Amino acid sequence: MKSNLLRVLAAIALVALVNLAASFFYFRLDLTSDKRYTLLPATQSLLKNLDRDINVNVYLSGEFPSAFERLESATRETLEEFRSASRGKVFFQFIDPSRAATEEARQENYKKLIEMGISPTNLFMNEGGKRSEKLIFPAATVQGDSLTIPVQLLKSNRSKTSEEQLNQSYENVEFQLAAAIRDIVRPERKKIGLVVSHSHLPPGRFADIIANLQLYYDVYLDVNKPGSYQGLDALMVMKPDSAFSEEEKYSLDQYVVGGGKIIFFVDGARVDSVALQGSYAQPLDLNLGDLFFKWGVRVNNDLVKDMNAAMIPLNVGNIGDKPQIQPVPWRYFPVLSNFSNHPITRNSAPLYTRYISSIDTINTPGGLRRHPLLYTSPYTRLLRTPLLLSYNEARQQPQPQEYAQGVKLAGVLIEGDFQSLYSNRILPSDPRHSSFVASGKGGKVIICSDGDLVVNDIDYERGVPLPLGYDKVTRDVLGNRDFVLLAANYLTDSEGVILARNKNIDVRLLDKIKIAAERPRWMAFNVIFPPMAICIACGLISFLSKRKFRTRTS
1 MKSNLLRVLA AIALVALVNL AASFFYFRLD LTSDKRYTLL PATQSLLKNL
51 DRDINVNVYL SGEFPSAFER LESATRETLE EFRSASRGKV FFQFIDPSRA
101 ATEEARQENY KKLIEMGISP TNLFMNEGGK RSEKLIFPAA TVQGDSLTIP
151 VQLLKSNRSK TSEEQLNQSY ENVEFQLAAA IRDIVRPERK KIGLVVSHSH
201 LPPGRFADII ANLQLYYDVY LDVNKPGSYQ GLDALMVMKP DSAFSEEEKY
251 SLDQYVVGGG KIIFFVDGAR VDSVALQGSY AQPLDLNLGD LFFKWGVRVN
301 NDLVKDMNAA MIPLNVGNIG DKPQIQPVPW RYFPVLSNFS NHPITRNSAP
351 LYTRYISSID TINTPGGLRR HPLLYTSPYT RLLRTPLLLS YNEARQQPQP
401 QEYAQGVKLA GVLIEGDFQS LYSNRILPSD PRHSSFVASG KGGKVIICSD
451 GDLVVNDIDY ERGVPLPLGY DKVTRDVLGN RDFVLLAANY LTDSEGVILA
501 RNKNIDVRLL DKIKIAAERP RWMAFNVIFP PMAICIACGL ISFLSKRKFR
551 TRTS
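According to UniProt numbering, the residues represented by the sequence shown are 1 to 554, in order.
Since the hints were made in silico from the structure, they are not lab data. Careful: at least some of the hints might be erroneous.
[Said to hold, decoys possible] Cut-off 25 Å, straight-line C-alpha distance, at most; resulting in silico cross-link-like pairs (DSS-like, lysine-lysine):
| no. | residue 1 | residue 2 |
| --- | --- | --- |
| 1 | LYS441 | LYS190 |
| 2 | LYS249 | LYS294 |
| 3 | LYS48 | LYS89 |
| 4 | LYS294 | LYS441 |
| 5 | LYS112 | LYS191 |
| 6 | LYS249 | LYS89 |
| 7 | LYS472 | LYS191 |
| 8 | LYS249 | LYS190 |
| 9 | LYS155 | LYS472 |
| 10 | LYS112 | LYS48 |
| 11 | LYS48 | LYS190 |
[Said to hold, decoys possible] Between beta-carbon pairs, the in silico distance windows are:
| no. | residue 1 | residue 2 | range |
| --- | --- | --- | --- |
| 12 | PRO378 | ASP51 | 25 to 33 Å |
| 13 | ASN287 | GLU402 | 39 to 47 Å |
| 14 | ARG76 | PRO41 | 34 to 42 Å |
| 15 | ARG354 | GLU461 | 53 to 61 Å |
| 16 | ASP476 | ARG99 | 25 to 33 Å |
| 17 | ASN392 | ILE458 | 42 to 50 Å |
| 18 | PRO41 | MET116 | 30 to 38 Å |
| 19 | PRO378 | SER84 | 26 to 34 Å |
| 20 | ALA404 | ALA211 | 37 to 45 Å |
| 21 | SER84 | HIS200 | 49 to 57 Å |
| 22 | GLU393 | HIS433 | 48 to 56 Å |
| 23 | ILE458 | GLU402 | 32 to 40 Å |
Only a predicted model underlies this, so the values are computations on that prediction, with no experimental measurement involved. All residues carry an ideal CB built from backbone N, CA and C; glycine is no exception.
Use the sequences and the hints to build the structure in full.
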């Protein structure tokens, strides 16, 4: 009796000791194969050094199908890790915006969220054999002090199935929330300069990307003056159509060698409308070829025709005295959906492009690293300029054997220690000699062979710019805006938060056909086996007890 009491007291003391140690030493173990509960070191550092409280309101709450419940669970689990890593400085709550006393109050909730920049999603559900529709807001707001940033948790991508889109959304939860927190606590906004003075397009054609960049950065226009790039965290060269002077090219060279970051949205060919029947394409010389070649890249003076292309409205004939307008594929407008597995382009939506050229990479000394970003489809054809583009081509059925030139590169990232193009050219008598830098560290350059990636169309009836990447035929908004913002994020992200986009979460989906076939068997097993197991266990215990009792009495 005494020994049993000592054992109980020892067990109680051990439990108390473990609880006491746990209050001083806290740790978690992530035993998942894909490390889905482990935060990126950059995210952990960001949260550990928070100097203020962060409040997160998640509007993904209520009755959802299982797929959306997984997104809700992934968001909750990520925020719990955020709260733990920040030592309690991240607070969060889940809110159901559809829960309201009256219909008027519900609509007012929806209106407030839409005014905050949160896009709703129409969710179709089958309940009791009846199809119903529900408006949901798979998004969150991140607030610190007086600044509130909306975060869209569900990312649409028309090139993926609904399951793949939701899986991509699970993977992006950490990045989306961490990037919003970083923008709140960052002591000062990064500065981005836009070089637009070499483009003949009016400012309204860049209105959408400028407005979206201004949400996160201080944006400076027309900084294309020699020496004016210093102090900027990144540059964007926006669809130039006139040649850069040697002095301007020297400024770009020195900016990159000094550790600067630039994104070039350039064309390899100029395409001008010559008549209603077509356009004329000719080589475009921007006087940047030798600079790009120094970096190991060449933008070719050609045009890519791609079987995976956008549509254009075209008059295909008359019905009576009225023209018949129908959408037809225009293979000079490739839709890029082939991306590398890089934080900028991973899980990206397709990109809307116009008259793109191919890019070649060249091995150059100096240790520069080149990462392909954008590719065409495998079904392409290259055409050398100059050439006449006839709209009659769109009416013709393409021959697959003519589009067999394979995947073409359309976007590339170069990073590393850049060497100046002007090494051994600047003489001591040159006024620039005193400030000239021959080599540097930490530069980054992105070159895209389509200037129209950053150009939005205009709704001339209303006089307003259309969203960047808007397809007038399908009325879809493609991923151009997200690509540009993620590229800018990568170039200016000194903390490395964007690397969270590399997180890979394996969703092991159930086999629906196998479930339907084996459902009766498993239902019967779950109904019969548990009580049978209990009966067997009770019988075994009774048998052993009787046997033990008989042994003692004998």
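Here is how each hint holds up against the structure:
1. Proximity of LYS441 to LYS190 is assessed by CA-CA distance (about 20 Å); at most 25 Å being required, the pair is judged to hold.
2. The hinted pair formed by LYS249 and LYS294 meets the criterion: a straight-line CA distance of about 12 Å does not exceed 25 Å.
3. For the hint linking LYS48 to LYS89, the alpha-carbon distance of about 9 Å falls within 25 Å, and the restraint holds.
4. Of the pairs offered as hints, the one joining LYS294 and LYS441 holds, with about 16 Å between alpha carbons and a cut-off of 25 Å not exceeded.
5. Taking the CA atoms of LYS112 and LYS191, the gap is about 30 Å. The hint is violated against a cut of 25 Å.
6. The suggested pairing of LYS249 with LYS89 is violated, with an alpha-carbon distance near 47 Å, which exceeds 25 Å.
7. Under the criterion of a C-alpha separation no larger than 25 Å, the hint pairing LYS472 with LYS191 is inconsistent with the structure, at around 33 Å.
8. Of the supplied pair hints, the one linking LYS249 and LYS190 holds, its CA atoms being roughly 24 Å apart against a limit of 25 Å.
9. As the CA atoms of LYS155 and LYS472 are separated by approximately 21 Å, the hinted pair is consistent with the 25 Å bound.
10. Proximity of LYS112 to LYS48 is assessed by CA-CA distance (about 32 Å); at most 25 Å being required, the pair is judged violated.
11. With a CA separation close to 22 Å, the supplied pair LYS48 and LYS190 stays within the 25 Å bound.
12. Distance hint for PRO378 and ASP51: a CB-CB separation of about 50 Å, inconsistent with the stated range 25 to 33 Å.
13. Range check, ASN287 to GLU402: Cβ separation about 34 Å, and the 39 to 47 Å hint is violated.
14. A C-beta distance of roughly 22 Å is found between ARG76 and PRO41, which places it outside the suggested range of 34 to 42 Å.
15. Distance hint check: the CB atoms of ARG354 and GLU461 are about 22 Å apart, inconsistent with the given range 53 to 61 Å.
16. Distance hint check: the CB atoms of ASP476 and ARG99 are about 32 Å apart, consistent with the given range 25 to 33 Å.
17. Take ASN392 and ILE458: their Cβ atoms lie about 27 Å apart, and the range 42 to 50 Å is violated.
18. For the hinted restraint 30 to 38 Å between PRO41 and MET116, the CB-CB distance of approximately 31 Å keeps it satisfied.
19. For the hinted restraint 26 to 34 Å between PRO378 and SER84, the CB-CB distance of approximately 46 Å leaves it violated.
20. Range check, ALA404 to ALA211: Cβ separation about 42 Å, and the 37 to 45 Å hint holds.
21. At roughly 54 Å, the beta carbons of SER84 and HIS200 sit within the given window of 49 to 57 Å.
22. At about 54 Å, the beta-carbon gap between GLU393 and HIS433 stays in the expected band of 48 to 56 Å.
23. Taking the beta carbon of each, ILE458 and GLU402 are about 35 Å apart, inside 32 to 40 Å as hinted.
Violated hints, listed in ascending order, are 5, 6, 7, 10, 12, 13, 14, 15, 17, 19; each of the other numbered hints is respected by the structure.
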